[in-house]
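Undergrad: So you can see what is in the structure, the chains are spelled out below.
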Amino acid sequence: MYAYDEIDRTLVNERVSEFRDQVKRRLSGELTEDEFKILRLQNGVYLQLHAYMFRVAIPYGTLATNQLRALAHVARKYDRGYGHFTTRQNIQFNWIKLAELPDALEDLAQVGIHAMQTSGNNMRNVTSDQWAGVAPGEIEDPRIWSELIRQHTTLHPEFSFLPRKFKIAITASDHDRAAIKIHDIGLRLIKNEKGETGFEVLVGGGLGRTPFIAKTIKHFVHGRDILSYIEAILRVYNQYGRRDNIYKARIKILVHELGIEKFAREVEDEWQHIRNSSLQIDDEVIEDIRSRFTYPAYEKLPHMPDELRQAAADPEFEAWRKNSVAPHKVQGYSIVTISLKPTGGPPGDATAEQMDALADLADKYSFGEIRVGHEQNLALPHVAKRDLPALWKALDKLGLATPNVNLITDIIACPGLDYCSLANARSIPIAQELTRRFANHELANLIGRLHINISGCINACGHHHVGHIGILGVEKNGEEVYQITIGGRADENAALGTLIGPGVKFDEVADVVEDIVEAYLALRERPEELFMDTVKRLGVEPFKERVYATR
Amino acid sequence: MPLVNGGKIADDSFAKLAVDTPLPESGDILVPAERFLGDAEGLLKRAGKVGVIWPNNRDIDELVPYLGKVAAVALVFPTFRDGRAYSQARLLRERYNYRGELRATGQILRDQFVFMLRAGFDSFEVKKQADAEAFMQTAKRYSVFYQPTGDGRITALHRRMQLRHSEGVGT
Ligand code: HEM
Ligand code: SF4
Chain A
1 MYAYDEIDRT LVNERVSEFR DQVKRRLSGE LTEDEFKILR LQNGVYLQLH AYMFRVAIPY
61 GTLATNQLRA LAHVARKYDR GYGHFTTRQN IQFNWIKLAE LPDALEDLAQ VGIHAMQTSG
121 NNMRNVTSDQ WAGVAPGEIE DPRIWSELIR QHTTLHPEFS FLPRKFKIAI TASDHDRAAI
181 KIHDIGLRLI KNEKGETGFE VLVGGGLGRT PFIAKTIKHF VHGRDILSYI EAILRVYNQY
241 GRRDNIYKAR IKILVHELGI EKFAREVEDE WQHIRNSSLQ IDDEVIEDIR SRFTYPAYEK
301 LPHMPDELRQ AAADPEFEAW RKNSVAPHKV QGYSIVTISL KPTGGPPGDA TAEQMDALAD
361 LADKYSFGEI RVGHEQNLAL PHVAKRDLPA LWKALDKLGL ATPNVNLITD IIACPGLDYC
421 SLANARSIPI AQELTRRFAN HELANLIGRL HINISGCINA CGHHHVGHIG ILGVEKNGEE
481 VYQITIGGRA DENAALGTLI GPGVKFDEVA DVVEDIVEAY LALRERPEEL FMDTVKRLGV
541 EPFKERVYAT R
Chain B
1 MPLVNGGKIA DDSFAKLAVD TPLPESGDIL VPAERFLGDA EGLLKRAGKV GVIWPNNRDI
61 DELVPYLGKV AAVALVFPTF RDGRAYSQAR LLRERYNYRG ELRATGQILR DQFVFMLRAG
121 FDSFEVKKQA DAEAFMQTAK RYSVFYQPTG DGRITALHRR MQLRHSEGVG T
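In order, the protein sequence lines correspond to chains A and B. Residue 1 is where the first sequence starts when you use my numbering, and the numbers rise one by one after that. Residue 1 is where the second sequence starts when you use my numbering, and the numbers rise one by one after that.
Everything labelled a hint here was simulated from the structure, so no lab data went into it. Hints may be right or wrong, so weigh each one.
Okay, derived cross-link-like pairs now, BS3-like style, lysine-lysine, Cα gap no bigger than 30 Å in a straight line [as the list claims (entries may be wrong)]:
| hint | chain 1 | residue 1 | chain 2 | residue 2 |
| --- | --- | --- | --- | --- |
| 1 | B | 8 | A | 165 |
| 2 | A | 24 | A | 37 |
| 3 | B | 8 | A | 97 |
| 4 | A | 262 | A | 329 |
| 5 | B | 128 | A | 37 |
| 6 | A | 364 | A | 397 |
| 7 | B | 16 | A | 24 |
| 8 | B | 49 | A | 24 |
| 9 | A | 194 | A | 329 |
| 10 | A | 97 | B | 69 |
Only part of the chain B face toward chain A is listed, based on derived beta-carbon distances under 8 Å [claimed, not checked]:
| hint | residue |
| --- | --- |
| 11 | 66 |
| 12 | 109 |
| 13 | 118 |
Note that beta-carbon positions come from the ideal geometry of N, C-alpha and C, so glycine has one too.
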């Protein structure tokens, strides 16, 4: 965990007091809605279909239990008793009153949580691997760098009014859980031949109307230079990024229009001017940040405790363990993913009671730490293996032990028409229907790893382009129509899905998904061949045939 | 629009000229970039200070040869959303060592003062009287800064190091 000190706390409090003043000026009419809009967006406040929506940052997805309790408190006191965890390691509240927002922010500030830059055209909340610091084989804890970048990008005086929003993600593992290739800047922590820490820097990824997979702009930037290199990229983007058309204002368009070589040269030029400036980070500063991350005092535990051996006889426990429990870098411990995808529920929602209860469980079983992942699930990062059976029982009581992590019902979905003013179609009801269709665990397990991603419009908040099966809601003649893509993925081999044919109606979506799955089961060469591999081997044709032959 | 200069509401000594406004006999003038570049020598010869209004999509390099001679550079924020002039300001101050008046013009609210001061602006054409009056108070809103800029303020990272070292002295 990273501990805020007096300096960080002061800044958060100063921000809250500024926002209180801004809300006051809005309510008195001193600020017009147009003026207020960018100010509230910089504090995570959107005006939605029914009410204000409030998006709170969870930097690199790490939460302490008192912080999770504070989120539960906000859900209970200022909202309708629940919150929605998002693909950007944030949490959203859908029903907050404008006049109460400063109080909600103040309550969160008590535990070092804020909503700075969770929206608006600035550098957004830095995201990272939800298994950071505990994943076996990672180069080092990427949160040290995430935190350095979080600080550097917070209230940046030059880049708080960029052409568009700007997202940075960091991974330190071979397996990319941070989806760095669909971010404006993706950073992959690596070591060079001298054993020095640095980054492969990728740029220009993003989804939305014009999706792009990020390209490598530099194979190695030394850790000490990473802030100046990011600053160089942003300065080039701030000056040359398009502002005439919001759909073309993202850095991915600039990179595409200039070409990565030309863009890289511009950045290199700029970087040479500033790389030896005060932006250079000395080892002492890095050590200082590192020292403020504390790690649990792990015990020396057996690899296979008796408790786990005994529980293995229970098939329900085993079903959960197989998909929710992952190896930890310390022997005798595990990482436990907590599915927020119950059958029939909206993906990513958690009630205030669940949040409080989870905080208690994290105190008891995970050294007081919780993680939020971009798949809209939570994780307990340090669970002793001997505690797994007890934890599972407790989670099950809370409705948080659905054994579907990475299976077909572990669906990512945006809020769609149920909450979002930009939506063309519903997303949540589609997700709910699919979780019912595939509720049978045997079947889901037989299918194996398969990610479905759903967005209610072209903005792609549900990452539909990178779903193994992607579902995009569009509007056609006043009706909701859904376009289906297959073959997308957001990991280290990120790829955009391919459209399989004409859009289908709301009522047909679940049938179409079933058809695709049946086709896959019939086509796969052996049970270990995952859906993605079958699609890769055969292309979309056989799936298209199966889906449209009878429609 | 009220002008805040050096932290206070001040009179504006500059007359703002358009591309084709006749040149006044004397007094300080602020002229658009293209007019300035069209006759820089001539304008700089007359009595009175010359300042230039530089659009946010024009390369600042063209202005660099004249930086020692102009008394003011006015950068433009056509809307609050358009932040290009922040980069121009930092380049002028930090890369080209421009020391004259650096003025923010366009849509300027109190909510941008801190960012603008940090980027190097020292004078502001403010949209609303109340915001201009709130300048001193608003400019002091933050005491913590995470990034180094040309304003020389110590960053949070370095303040922590200082604190740590000073703690270390007695122990
Ligand atoms: C309900 C209020 C929301 C609104 C008004 C909203 C608005 C938008 C807009 C306008 C874009 C397109 C930006 C662009 O790429 O050009 C976008 C993209 C995105 N949003 Fe949302 N969104 C909302 C909720 C969410 C939620 C709930 C999530 C996560 C589950 C989310 C995550 C994202 C992500 C990941 C992108 C992809 C952008 C990219 O990388 O290209 N948003 N959103
Ligand atoms: S994808 Fe569209 S509908 Fe869904 S949350 Fe984003 S903006 Fe709203």
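Undergrad: If a hint holds in the structure, say so; if it doesn't, say that too.
TA: Each hint tested on the structure:
Straight-line distance between C-alpha atoms of residue 8 of chain B and residue 165 of chain A comes to about 34 Å, which puts the hinted pair past the 30 Å bound. Between residue 24 of chain A and residue 37 of chain A the CA atoms are separated by roughly 14 Å; this keeps the pair inside 30 Å, and the hint holds. Distance check on the hinted pair: residue 8 of chain B and residue 97 of chain A sit about 37 Å apart at the alpha-carbon level, beyond 30 Å; violated. For the given pair, residue 262 of chain A sits about 41 Å from residue 329 of chain A by alpha-carbon distance, which is inconsistent with the 30 Å threshold.
Of the supplied pair hints, the one linking residue 128 of chain B and residue 37 of chain A holds, its CA atoms being roughly 17 Å apart against a limit of 30 Å. Distance check on the hinted pair: residue 364 of chain A and residue 397 of chain A sit about 16 Å apart at the alpha-carbon level, within 30 Å; holds. For the suggested pair residue 16 of chain B and residue 24 of chain A, the alpha carbons sit about 35 Å apart, so the restraint of at most 30 Å is broken. For the suggested pair residue 49 of chain B and residue 24 of chain A, the alpha carbons sit about 41 Å apart, so the restraint of at most 30 Å is broken.
A distance of roughly 24 Å separates the Cα atoms of residue 194 of chain A and residue 329 of chain A; the hinted pair therefore holds under the 30 Å criterion. For a cut-off of 30 Å, the pair hint linking residue 97 of chain A to residue 69 of chain B is broken: about 53 Å separates their Cα positions. The interface hint given for residue 66 of chain B is broken, as the beta carbon of that residue sits about 20 Å from the closest beta carbon of chain A, more than 8 Å. Below 8 Å, beta-carbon pairs count as interface contacts, and residue 109 of chain B has one with chain A at about 6 Å; its hint therefore holds.
Restraint check, residue 118 of chain B versus chain A: the minimum CB separation of about 4 Å is within 8 Å; hint holds.
Violated hints, in rising order: 1, 3, 4, 7, 8, 10 and 11; the structure is consistent with all others.
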